Amino acid sequence: ERAHQVCSDWLSRVAERIQDARPAAELFAQARSEAHPRQAHRVASKLGDLRNAWVLGKKPAAAAFADAAGHLAEVWAARTSGEEDAETDAWERSQEASTALVTAWVLNQGLGDKDKEARVQAREALTDLLREARAAGALEET
760 ERAHQVCSDW LSRVAERIQD ARPAAELFAQ ARSEAHPRQA HRVASKLGDL
810 RNAWVLGKKP AAAAFADAAG HLAEVWAART SGEEDAETDA WERSQEASTA
860 LVTAWVLNQG LGDKDKEARV QAREALTDLL REARAAGALE ET
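At position 130 of the sequence shown (counting the first as 1) the number is 889 in our numbering, and the numbers step up by one without a gap.
Treat the hints as calculated values from the structure; they're not laboratory data.
All of these numbers come straight from a predicted model, not from anything done at the bench.
Cβ atoms here follow ideal geometry from the backbone N, Cα and C, with glycine treated the same way.
There are no misleading hints in this set.
27 Å max Cα-Cα, derived DSSO-like pairs, lysine-lysine:
{"no.": "1", "residue 1": "Lys875", "residue 2": "Lys818"}
{"no.": "2", "residue 1": "Lys818", "residue 2": "Lys805"}
{"no.": "3", "residue 1": "Lys873", "residue 2": "Lys818"}
{"no.": "4", "residue 1": "Lys805", "residue 2": "Lys817"}
{"no.": "5", "residue 1": "Lys875", "residue 2": "Lys817"}
{"no.": "6", "residue 1": "Lys873", "residue 2": "Lys817"}
Label-pair ranges, simulated between beta-carbon atoms:
{"no.": "7", "residue 1": "Ser853", "residue 2": "Ala794", "range": "22 to 30 Å"}
{"no.": "8", "residue 1": "Asp887", "residue 2": "Gly841", "range": "33 to 41 Å"}
{"no.": "9", "residue 1": "Ser853", "residue 2": "Lys875", "range": "15 to 23 Å"}
{"no.": "10", "residue 1": "His795", "residue 2": "Glu876", "range": "40 to 48 Å"}
{"no.": "11", "residue 1": "Ala884", "residue 2": "Asp844", "range": "26 to 34 Å"}
{"no.": "12", "residue 1": "Glu843", "residue 2": "Arg761", "range": "12 to 20 Å"}
{"no.": "13", "residue 1": "Glu793", "residue 2": "Val879", "range": "36 to 44 Å"}
Given the sequences, and given the hints that come with them, work out the whole structure.
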């Protein structure tokens with residue numbers, strides 16, 4: 760639960776800086792809802808649909824962000840339903856999500872997604888936002 764909360768907070772912080780990313784962050788936050796027993800699976804599916812809509816809408820940064828949120832939602836869905844398998848390996852999917860978030864960050868700045876220096880700076884900025892989210896979560900628990 761804490762991991763999902765930190766991740767949700769992190770995505771929300773990142774979404775504040777990437778145009779059109781807010782809907783994906785809000786969808787990810789709904790994955791923890793117990794409104795439906797397979798809520799996390801439904802959210803992961805909706806994130807895939809959102810990613811596809813942003814691709815068709817020629818909004819690559821938002822599409823990459825939705826892709827990242829989708830990877831994380833798939834892991835959450837697998838963990839909460841006990842349906843973990845090779846496709847939902849948390850470490851591998853988190854790496855895919857990280858790559859997609861870096862791409863979203865770089866594309867949002869109007870840079871090429873192959874720009875190595877921009878990718879390094881994006882990773883640093885995203886790591887700082889993750890640290891902020893983790894610190895905020897620790898403060899709420901005390």
